[in-house]
Amino acid sequence: MEKSKTESQKIEYIVGTEKGLKDLLSETEVMLLLKGVVKAGAASAVITDAKDRVLWSNGNMQDDSPYIETGPVYLEGELVGRIKVYGEDRSKSYLKNLTGLLLDTINMIIHTNLKRMLTTEAHTTIVNQSYEELLETNRKLSLSEGQYRELAESLERKVQERTEELRRAHARMLQQEKMASVGQLAAGVAHEINNPLGFISSNINTLKRYIERFREMVDFYHALLSGGEIADKVRGLAQQKQKDLKIDFIVSDADELIKQSLDGAERVKKIVSDLKGFSHIDEGEEAVVDINTEIDRTLNVLSHEIPKGAEIIKDYHDLPGFVCNPALICQVFLNIILNALQARTGTLKLVISTDIRHNNIMIKFSDNGKGIPDNIKNRIFEPFYTTKDVGKGTGMGLTVAYEVITAYGGTIEVESQPGEGATFIILLPAKRL
Amino acid sequence: MIEFDEIEKRMLLKLVYYGPALSGKTTNLLRLHDLLERNGRGDLMVLDTKDDRTIFFDLLPFFLETPGGLKIKIKVYTVPGQVKHDATRKAVLQRADGVAFIADSQLAEAANNVESFSNLEKNLAIVGLDIENLPLVIQFNKRDLQNIIPEADIKRVWEPTGIPVFTASALQGWGVIETFSRLAELTYRNIDKRYGLKNNYGLDSETFLQKLTRKTEGTGYI
Ligand SMILES: Nc1ncnc2c1ncn2[C@@H]1O[C@H](COP(=O)(O)OP(=O)(O)OP(=O)(O)O)[C@@H](O)[C@H]1O
Ligand SMILES: Nc1nc2c(ncn2[C@@H]2O[C@H](COP(=O)(O)OP(=O)(O)O)[C@@H](O)[C@H]2O)c(=O)[nH]1
Ligand SMILES: [Mg+2]
Ligand SMILES: [Mg+2]
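Top to bottom, those sequences are chains A and B.
For the first sequence, our numbering begins at 1 and goes up steadily by one.
For the second sequence, our numbering begins at 434 and goes up steadily by one.
Just so you know, the hints here were simulated from the structure itself, not pulled from any lab data.
If you're wondering where the values come from, they're calculated on a predicted model, not measured in any experiment.
Treat the hints with care, since some could be wrong.
What the hints assert, rightly or not - Calculated Cβ distances over 12 Å to all of chain A for the following chain B residues: (1) 446; (2) 496; (3) 500; (4) 565; (5) 567; (6) 576; (7) 581; (8) 582; (9) 640.
As the list claims (entries may be wrong) - Calculated lysine-lysine pairs in the DSSO-like style (CA-CA distance at most 27 Å, straight line): (10) A:51 - B:504; (11) A:39 - A:96; (12) B:442 - A:19; (13) A:84 - B:644; (14) A:208 - A:115; (15) B:588 - A:19; (16) A:158 - A:208; (17) B:626 - B:644; (18) A:158 - B:588; (19) A:158 - B:555; (20) B:644 - A:51; (21) A:243 - A:308; (22) A:19 - B:504; (23) B:504 - A:84; (24) A:39 - A:92; (25) A:35 - A:19; (26) B:523 - A:115; (27) A:349 - A:388; (28) B:631 - A:22; (29) A:51 - A:115; (30) A:269 - A:92; (31) A:35 - A:51; (32) A:51 - B:517; (33) A:51 - B:442; (34) A:19 - A:84; (35) A:96 - A:51; (36) A:243 - A:208; (37) A:22 - B:588; (38) B:442 - B:631; (39) B:504 - A:115; (40) A:388 - A:377.
Backbone N, C-alpha and C define an ideal beta-carbon position, used for all residues, glycine too.
Using the sequences and the accompanying hints, generate a full structural model.
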């Protein structure tokens, strides 16, 4: 039997140890009640434990009374005993009431005594904790407090790490938010620019045709004036006027002006489309595409930009279908191929190869251009970073490429030795969910 | 375990509802008392003597008898939550066979929960109980209120510990039996390992649980 230890005089108090009826009811209390019942007319009254052993009794036990009334005694809700009241058969209902009364009284006394006992027991035990015990408790406490302090310190470190992590995540989020709002702004601006840009280009083209006509007219007058039928005076005046108005220069310069204007408009258009591509990365229709086909498509679009004599070597391998927005993926290839065209130093040689590498689709563009110096290698993907003349490059080409590829869960990297060309390597997950 | 008498075939177990003041420990026991079948449990005894604040706990006893004739009594206690009643808490915690920690879900109570839980850890160590091996469940009570800690946060914090966590509204009466059942289940597992409840007394986990958590509509005897 496991019982509370009482070693070295120390009272170890455990809430919950069992109490029997004998602990809870005092002889005097019980006997007073049982006597009362007998006095009231019962032949005898008995209290037994749960196993029917008699604990207290009063009255004539030899009496073979014909009638017994019993009732259960509970302790903490558990049946712990019975009371039995014996008597005459004719006073049945009277005995029943008497028993009920006795039962209620006993159960009530048990309940109050139990409550009082628990209360005083706990009270005295806890208040009387010996000095040694307090010291012992204190020792244990400080020991465990030491452990907790240690725990708290490592906790603090973890909290710090976590805070740092959160701070970085937050900064990243802010950055993304900023990019997103820049993107939205850009998309808005791009849209606004597109409309006037449309009529500017078309007007310039019309103007170009008009100027052709003016030139024809001027040429016509010229021819007329050089003919013989015109008075010298008129010819002289006309030639003087033509000289004053610098018509010859104007006619030849108009072409150049218009060509430059059209170039400018074209460049604005490109900026706008880049901006749009940049800010609309997660929009548009997705489809399963064959990367090889898309590269070819891009090359076709670029055909007029590719100089004569340039060598484009394709080393394609069969690839699994890739789910993406085809316009965006073409934009990536376009930007990279254009860069290669622009970086050429002599005859362009561009090797485009595709293959499967460890569950990735690998696409490589290797050119023989001027290459990329080490110190700018990590900057070329930055937005608006360009080494080209003002007006020539916007510095968005590779940024767009990077954004698109990473959005599809891939990577884009560059390898380059200055003077020996550059190689752009794209890896795309073969299976994208 | 409070007591085990092999000859008398009596086993006395103790479960403790721990937690900060006013988190709803007493209300949990009140609900168990109301929801569960009368046969097999005693009455709820609330010991809240006004003038003597040293002692302050509640008790709800359960009984059952195994096919092998072992009488098992389970005393479910609450502890006083107030900081100053630490001595009583230790006395109640002595030899406990399982603990349900009742946390208050209200955001404003977060610090009290933490304090009470570390108090539990401290007191378990003092009374010589190993928190790693002691059946322990956590209940986030008062889910019916506003401004409570989100369930996702509870999961995030407690799931990694492996301690079973329940949400409940003791006031409305849900989650209470679930918490108690799991605690009883874990307790059975522990006791069975040491005393062979199944092999020696023919009591398996299902029967144990079923006997303890029978709802009031049933009429059968245990
Ligand atoms: N194939 C390449 N060889 C050498 N340098 C390159 C190559 N591709 C990119 N670069 C360098 O990276 C810079 C950034 O390229 P990116 O395509 O982003 O902008 P850009 O070509 O300057 O302008 P945009 O493409 O917008 O007209 C280029 O200015 C160039 O210095
Ligand atoms: N709203 C709400 N109140 C509760 C809930 N459980 C308990 N309470 C209330 O909280 C207060 C304290 O409850 P009590 O059980 O005495 O807490 P104890 O100190 O942990 O025993 C009482 O007013 C209860 O009615 C619950 O789930 N929801
Ligand atoms: Mg470019
Ligand atoms: Mg209470």
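Evaluated hints:
1. The claim that residue 446 (chain B) is not at the interface with chain A is violated, since a C-beta of that chain comes within 12 Å of its own (minimum 9 Å).
2. Residue-level check failed: residue 496 (chain B) sits 5 Å from the nearest beta carbon of chain A, not beyond 12 Å.
3. Residue 500 (chain B), annotated as away from the interface, keeps every beta carbon of chain A farther than 12 Å; the closest lies near 19 Å.
4. For residue 565 (chain B), the shortest C-beta to C-beta distance to chain A comes to about 14 Å, beyond the 12 Å cut-off, and the non-interface label holds.
5. No Cβ of chain A comes within 12 Å of the Cβ of residue 567 (chain B); the nearest lies about 16 Å off, and the non-interface call holds.
6. Every CB of chain A is more than 12 Å from the CB of residue 576 (chain B) (nearest about 27 Å), matching its label as outside the interface.
7. For residue 581 (chain B), the requirement that its beta carbon stay farther than 12 Å from each beta carbon of chain A is met, with the minimum near 23 Å.
8. Once the 12 Å rule is applied to beta carbons, residue 582 (chain B) is consistent with being away from chain A; the minimum gap is 18 Å.
9. With a minimum CB-CB distance of about 19 Å to chain A, residue 640 (chain B) clears the 12 Å threshold, and the non-interface call stands.
10. With a CA separation close to 13 Å, the supplied pair residue 51 (chain A) and residue 504 (chain B) stays within the 27 Å bound.
11. Straight-line distance between C-alpha atoms of residue 39 (chain A) and residue 96 (chain A) comes to about 15 Å, which keeps the hinted pair within the 27 Å bound.
12. This hinted pair checks out: residue 442 (chain B) and residue 19 (chain A) have alpha carbons roughly 16 Å apart, not beyond 27 Å.
13. At roughly 30 Å between alpha-carbon atoms, residue 84 (chain A) and residue 644 (chain B) are farther apart than 27 Å, so this suggested pair is violated.
14. A C-alpha spacing of about 109 Å is found between residue 208 (chain A) and residue 115 (chain A), which places the hinted pair above 27 Å, so the restraint is violated.
15. The suggested pairing of residue 588 (chain B) with residue 19 (chain A) is violated, with an alpha-carbon distance near 42 Å, which exceeds 27 Å.
16. Restraint check for residue 158 (chain A) and residue 208 (chain A): not satisfied, since their Cα atoms lie roughly 71 Å apart, outside the 27 Å limit.
17. For the given pair, residue 626 (chain B) sits about 20 Å from residue 644 (chain B) by alpha-carbon distance, which is consistent with the 27 Å threshold.
18. Pair hint residue 158 (chain A) plus residue 588 (chain B) holds up; C-alpha atoms about 19 Å apart against a cutoff of 27 Å.
19. Distance check on the hinted pair: residue 158 (chain A) and residue 555 (chain B) sit about 22 Å apart at the alpha-carbon level, within 27 Å; holds.
20. The straight-line distance between the Cα atoms of residue 644 (chain B) and residue 51 (chain A) is roughly 23 Å, inside the 27 Å bound, and the hint therefore holds.
21. Only pairs whose Cα atoms come within 27 Å are accepted, and residue 243 (chain A) paired with residue 308 (chain A) is rejected, the gap being roughly 42 Å.
22. With a C-alpha separation of about 16 Å, the suggested pair residue 19 (chain A) and residue 504 (chain B) falls inside the 27 Å cut-off, and the hint holds.
23. Between the alpha carbons of residue 504 (chain B) and residue 84 (chain A) the distance comes to roughly 24 Å, so the proposed pair stays at or under 27 Å and holds.
24. Using a Cα cut-off of 27 Å, the hinted pair residue 39 (chain A) and residue 92 (chain A) holds, with the two alpha carbons roughly 16 Å apart.
25. The hinted pair formed by residue 35 (chain A) and residue 19 (chain A) meets the criterion: a straight-line CA distance of about 25 Å does not exceed 27 Å.
26. In summary, the hint linking residue 523 (chain B) to residue 115 (chain A) is supported, as the alpha carbons are separated by about 19 Å, within the 27 Å threshold.
27. In summary, the hint linking residue 349 (chain A) to residue 388 (chain A) is supported, as the alpha carbons are separated by about 21 Å, within the 27 Å threshold.
28. A distance of roughly 33 Å separates the Cα atoms of residue 631 (chain B) and residue 22 (chain A); the hinted pair therefore is violated under the 27 Å criterion.
29. At roughly 25 Å between alpha-carbon atoms, residue 51 (chain A) and residue 115 (chain A) fall within 27 Å of each other, so this suggested pair holds.
30. At most 27 Å may separate the alpha-carbon atoms for a hinted pair to count; residue 269 (chain A) and residue 92 (chain A) exceed this at roughly 112 Å.
31. Using a Cα cut-off of 27 Å, the hinted pair residue 35 (chain A) and residue 51 (chain A) holds, with the two alpha carbons roughly 23 Å apart.
32. Of the pairs offered as hints, the one joining residue 51 (chain A) and residue 517 (chain B) is violated, with about 43 Å between alpha carbons and a cut-off of 27 Å exceeded.
33. For the given pair, residue 51 (chain A) sits about 13 Å from residue 442 (chain B) by alpha-carbon distance, which is consistent with the 27 Å threshold.
34. For the proposed pair residue 19 (chain A) and residue 84 (chain A), the alpha carbon gap of about 22 Å is at most 27 Å, so the pair holds.
35. For the hint pairing residue 96 (chain A) with residue 51 (chain A), the CA-to-CA distance comes to about 23 Å; that is within 27 Å, so the pair holds.
36. Of the pairs offered as hints, the one joining residue 243 (chain A) and residue 208 (chain A) holds, with about 23 Å between alpha carbons and a cut-off of 27 Å not exceeded.
37. Proximity of residue 22 (chain A) to residue 588 (chain B) is assessed by CA-CA distance (about 50 Å); at most 27 Å being required, the pair is judged violated.
38. Of the pairs offered as hints, the one joining residue 442 (chain B) and residue 631 (chain B) holds, with about 15 Å between alpha carbons and a cut-off of 27 Å not exceeded.
39. The hinted pair formed by residue 504 (chain B) and residue 115 (chain A) meets the criterion: a straight-line CA distance of about 24 Å does not exceed 27 Å.
40. Our distance criterion of 27 Å between C-alpha atoms is met by residue 388 (chain A) and residue 377 (chain A), whose separation comes to about 15 Å.
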